[in-house]
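Chemist: Residue strings, one per chain:
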Amino acid sequence: MELLIKNGAVFDPKNGIKGDKTDISIKDGKIVSNVSSKATVIDAGGRLVMAGGVDAHSHIAGAKVNVGRMMRPEDTRSGISPRTKITRPCTGYTVPNVYAMGYRYAQMGYTTVFEAAQAIMKARHTHEELEEIPIIDKGALTLFGSNWPTMDFVREKNMDKLAAYVAWGLLASRGFGVKCVNPGGGEMWGFGKNVTGIDDVVPVFDVTPKEIIVSLMKVNEMLGLPHSVHLHCNNLGNPGNYKTTLASMELANQVKASKDRQVMHVTHLLFNSWGGTNWGDFESKADEVANYLNNHDNVTGDMGQMIFGSATTMTADGPKQYANAKLLHAKWSNGDVELEDASGVVPIYYVKQISVHAIMWAIGLELALLTKDPYKMLLTTDHPNGGPFVNYSEVIALLMSNKKRQEEIKTVHEAVHAKNKLPGLDRELDFSEIAIMTRAGTAKVLGLLDTKGHLGVGADADISIYDIKPDQIDPSVEHAKIKSAFSNAAYTIKGGQVVVKDGQITATPLGRTYWVDAKVPEEHHTEMMKDIVKKFKNYYSIQLANYMVQDEYVTHPQVIKTGAIPVEVN
Amino acid sequence: MQTVTIRPMKEIKISVEGENISPDKFGGKTEKEIQSLVAWMGNQKTTIGDLFSVKVEGSGPAADTKIVLEGDFSRVKRIGEGMTAGLILINGNVDMHLGAKMSGGKISVKGNVDSWAGREMKGGELIIEGNAAYYLGAGYRGESCGMRGGKITVMGNALDFVGEHMCGGEIIVNGNTGILPGLSNNGGKIVIGGNTSRPGSEMSKGTIIVNGKVEEMIPVFKLEGDEAVDAVTYKKYTGDVVVGGKGILYVK
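Protein sequence lines correspond, in order, to chains A and B. All residue numbers for the first sequence refer to this note's numbering, where the first residue is 1 and numbers rise by one. All residue numbers for the second sequence refer to this note's numbering, where the first residue is 1 and numbers rise by one.
Think of the hints as simulated: they come from the structure by calculation, not from any bench. Treat the hints with caution; some may be incorrect.
Here are the simulated lysine-lysine pairs, DSS-like style, with alpha carbons at most 30 Å apart [to be verified]: (1) 122/B x 326/A; (2) 252/B x 236/B; (3) 243/A x 256/A; (4) 55/B x 13/B; (5) 38/A x 21/A; (6) 372/A x 326/A; (7) 222/B x 326/A; (8) 501/A x 481/A; (9) 122/A x 352/A; (10) 205/B x 331/A; (11) 205/B x 326/A; (12) 21/A x 210/A; (13) 246/B x 326/A; (14) 151/B x 331/A; (15) 530/A x 157/A; (16) 326/A x 189/B; (17) 29/B x 55/B; (18) 55/B x 326/A; (19) 55/B x 45/B; (20) 151/B x 246/B; (21) 519/A x 157/A; (22) 85/A x 45/B; (23) 222/B x 331/A; (24) 534/A x 561/A; (25) 352/A x 122/B; (26) 331/A x 110/B; (27) 13/B x 331/A; (28) 352/A x 246/B; (29) 352/A x 101/B; (30) 501/A x 45/B; (31) 38/A x 6/A; (32) 205/B x 352/A; (33) 66/B x 151/B; (34) 331/A x 246/B; (35) 110/B x 66/B; (36) 331/A x 55/B; (37) 331/A x 122/B.
Taking the hints into account, I'd like the entire structure generated from these sequences.
Modeler: Here it is in structure tokens:
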């Protein structure tokens, strides 16, 4: 199967292509240097061509996504579309059904999406849903930050055992990377408490969040995992938390990267860049956070942009969600995953005229506009915490047009003028920078830049074509066209197959699931398993033999093999 | 003035989605146009003309349109959904979701209505001469607001969850109601002529008046003493204290 895309205005930042008319040849699902004359030709007609979108942080599958569906039946009243000859029925806006997840991402030109948090014990559920999400490639980050074995090995300062545990946990969950959510806090929530910063001691385990973060970064690099530690900071969602965020980011200096990427990815920074001491003097500190990123190359972040309207907050940060539910008088669901973290789900409605919401909205945009290098600030909405992913086009339009931002600012609470820098920011991102924030940058942060996020020879043939002619449009003025084009791709090509044409799904192949098989020395594994066997005997409600996700649950795996690399460990 | 009379041409066994039976949809339309409006029957797409005989007299806008339903509509759902004006007269029983989301106009039913009548109603009037089933004037599954305005009057009895998640408006049930009327009431008024059980659980605002017997009170209310409403003396309670509610419950 050969395909040739002609006359596209290609934006491929990794390969230095900025809107040049470049032909793209595709054979057997990969981009190649040329194809035969028998290739099917798609004439892009001067329209915008980018690699397929890559999302590094979105809650698309698993236990808490499903809890969101169960506790929000009202959400299924929107986004309803009946089945067609090739698509299944869709429902929902903030917590759509599994099929809609795949179709809607593909319709936006996205072809790879990573679920941001799965507990090992709940991983089977995650994979059951991932298996049903059509079209896109996917994977899931596994939670380690408040797991009992993690904290035990951190206290013992035994990095070999911790590395063996992480490797085994990734295998058990068929996971892609190390997620760390409010480290220590998830455990303290079991006692109705939380940690307030990175130096609080977690009782019984006698470790601090700081020690957990540094240790996980060390073993992440020992194992040479494709992605870095993916951190949801302590103190998230509290005014004044930017200090905790900056202190956490500084921990990255203690560890050297094993690959050409960051050693720490701090996620949904919108919720972590807050100044003030309470909701009254709440203000943006996005400038401080962006400034740190501008001066350091070992940390990356993503926006977690907020979208006005309905959202469903869902996170492994159990204590935060209890506080949210109390604050909002909202529905609340709490989850306790035995020895592995907690979780909570709370619906929220973001309102333009509520000052805190308006300030939050502006913080997300400030982060993107004040961070100079787009490789360090990825575009996300922390779906569905900041808002559903279907609104990425709105975020893109806001970043590309100061005019649109100024129009929006007029409609939101006036607090943004006093508490944010956004009204004075006139930076407008170009197509290359957008391509980095949604493709090349995300792929690089995930450690997948060899095959994802670019259009060079050897890359996966994941391509999106949008109905805009970059040389004939002024995104600053014609922001409505930008939004409309990025909402519905003219073409989405996944693995060399046209899956979307003119915004309509044309084919629904099943994508692959990425997971990492990390090898450690056998004796480290054996030592570590002695502790794990004890944990299962004494505390877990299930048997060790029933714990691991079997291969049957991952029918289209894409396994990345890595292994322990000796590095200096204190 | 436009009068539209519709009548089932045969017995309806599979439920019909009747959201197009509304003055807003019929107003100013000819018989042919009304007959061509969609009416799903189960998973089959049919039209009003396939199922009902339609007779139109005169012509006028929605506000000046009267719809008369003759015969058995007990398997027709969503009649008058979202209507903003006009009048619907129903001579028998109807299925679920009568007058859901209606914001104006009036619906009058001679018979009984099934569950969810006046669901998420915003305005207008609903008069039911028979009985109502569950979730009268309630919110839909998961929503935090049910009925927001307008008035529902039931001459007979109603089943459980009258005015669940109500945020405004008024419901009057002359007979008895099932359990938990005014559940999560957030600002509506409910008057019950007969008996009920466990009223006002989780209510944060609004008023519930029970003129009959309360078979069981949930222990989440604070007794404030006696108070007269329209020259009738009631015991006045406030609550639900568990949710910090400021709702008022009057019990004889």
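Chemist: Look at each hint and say if it fits the structure.
Modeler: These are the hints, each one checked on the structure:
About 28 Å separates the Cα atoms of residue 122/B and residue 326/A, which keeps this hinted pair within 30 Å; it holds. A hinted pair counts as satisfied when its Cα atoms are at most 30 Å apart, and residue 252/B with residue 236/B qualifies at roughly 9 Å. A hinted pair counts as satisfied when its Cα atoms are at most 30 Å apart, and residue 243/A with residue 256/A qualifies at roughly 23 Å. At most 30 Å may separate the alpha-carbon atoms for a hinted pair to count; residue 55/B and residue 13/B meet this at roughly 23 Å.
In summary, the hint linking residue 38/A to residue 21/A is supported, as the alpha carbons are separated by about 21 Å, within the 30 Å threshold. Our distance criterion of 30 Å between C-alpha atoms is broken by residue 372/A and residue 326/A, whose separation comes to about 38 Å. About 23 Å separates the Cα atoms of residue 222/B and residue 326/A, which keeps this hinted pair within 30 Å; it holds. Between residue 501/A and residue 481/A the alpha-carbon distance is near 18 Å, which keeps this suggested pair within the 30 Å criterion.
The suggested pairing of residue 122/A with residue 352/A is violated, with an alpha-carbon distance near 36 Å, which exceeds 30 Å. The suggested pairing of residue 205/B with residue 331/A holds, with an alpha-carbon distance near 18 Å, which does not exceed 30 Å. At most 30 Å may separate the alpha-carbon atoms for a hinted pair to count; residue 205/B and residue 326/A meet this at roughly 18 Å. Between the alpha carbons of residue 21/A and residue 210/A the distance comes to roughly 49 Å, so the proposed pair goes past 30 Å and is violated.
About 17 Å separates the Cα atoms of residue 246/B and residue 326/A, which keeps this hinted pair within 30 Å; it holds. Among the hinted pairs, residue 151/B with residue 331/A is consistent with the structure: their alpha-carbon atoms are about 28 Å apart, no more than 30 Å. In summary, the hint linking residue 530/A to residue 157/A is supported, as the alpha carbons are separated by about 17 Å, within the 30 Å threshold. Pair hint residue 326/A plus residue 189/B holds up; C-alpha atoms about 26 Å apart against a cutoff of 30 Å.
A hinted pair counts as satisfied when its Cα atoms are at most 30 Å apart, and residue 29/B with residue 55/B qualifies at roughly 11 Å. Among the hinted pairs, residue 55/B with residue 326/A is inconsistent with the structure: their alpha-carbon atoms are about 56 Å apart, more than 30 Å. Pair hint residue 55/B plus residue 45/B holds up; C-alpha atoms about 22 Å apart against a cutoff of 30 Å. Distance restraint check for residue 151/B and residue 246/B: the Cα-Cα separation of roughly 22 Å lies within the 30 Å cut-off, and the hinted pair is therefore satisfied.
Restraint check for residue 519/A and residue 157/A: satisfied, since their Cα atoms lie roughly 20 Å apart, inside the 30 Å limit. For the given pair, residue 85/A sits about 17 Å from residue 45/B by alpha-carbon distance, which is consistent with the 30 Å threshold. At most 30 Å may separate the alpha-carbon atoms for a hinted pair to count; residue 222/B and residue 331/A meet this at roughly 25 Å. A threshold of 30 Å between alpha carbons decides the hint, and for residue 534/A with residue 561/A the separation of about 28 Å falls inside it, so the pair holds.
The hinted pair formed by residue 352/A and residue 122/B meets the criterion: a straight-line CA distance of about 24 Å does not exceed 30 Å. Note on residue 331/A and residue 110/B: the hinted pairing is violated, with a Cα-Cα distance of about 39 Å set against a maximum of 30 Å. Between residue 13/B and residue 331/A, the direct Cα distance comes to roughly 39 Å. Violation of the 30 Å bound is thereby established for this hinted pair. The suggested pairing of residue 352/A with residue 246/B holds, with an alpha-carbon distance near 28 Å, which does not exceed 30 Å.
A threshold of 30 Å between alpha carbons decides the hint, and for residue 352/A with residue 101/B the separation of about 25 Å falls inside it, so the pair holds. With a C-alpha separation of about 28 Å, the suggested pair residue 501/A and residue 45/B falls inside the 30 Å cut-off, and the hint holds. With a C-alpha separation of about 14 Å, the suggested pair residue 38/A and residue 6/A falls inside the 30 Å cut-off, and the hint holds. Among the hinted pairs, residue 205/B with residue 352/A is consistent with the structure: their alpha-carbon atoms are about 25 Å apart, no more than 30 Å.
Straight-line distance between C-alpha atoms of residue 66/B and residue 151/B comes to about 19 Å, which keeps the hinted pair within the 30 Å bound. A distance of roughly 19 Å separates the Cα atoms of residue 331/A and residue 246/B; the hinted pair therefore holds under the 30 Å criterion. Distance hint between residue 110/B and residue 66/B is fulfilled; the C-alpha atoms sit about 15 Å from each other, no more than 30 Å. Proximity of residue 331/A to residue 55/B is assessed by CA-CA distance (about 49 Å); at most 30 Å being required, the pair is judged violated.
Taking the CA atoms of residue 331/A and residue 122/B, the gap is near 23 Å; set against the 30 Å cutoff, the hint holds.
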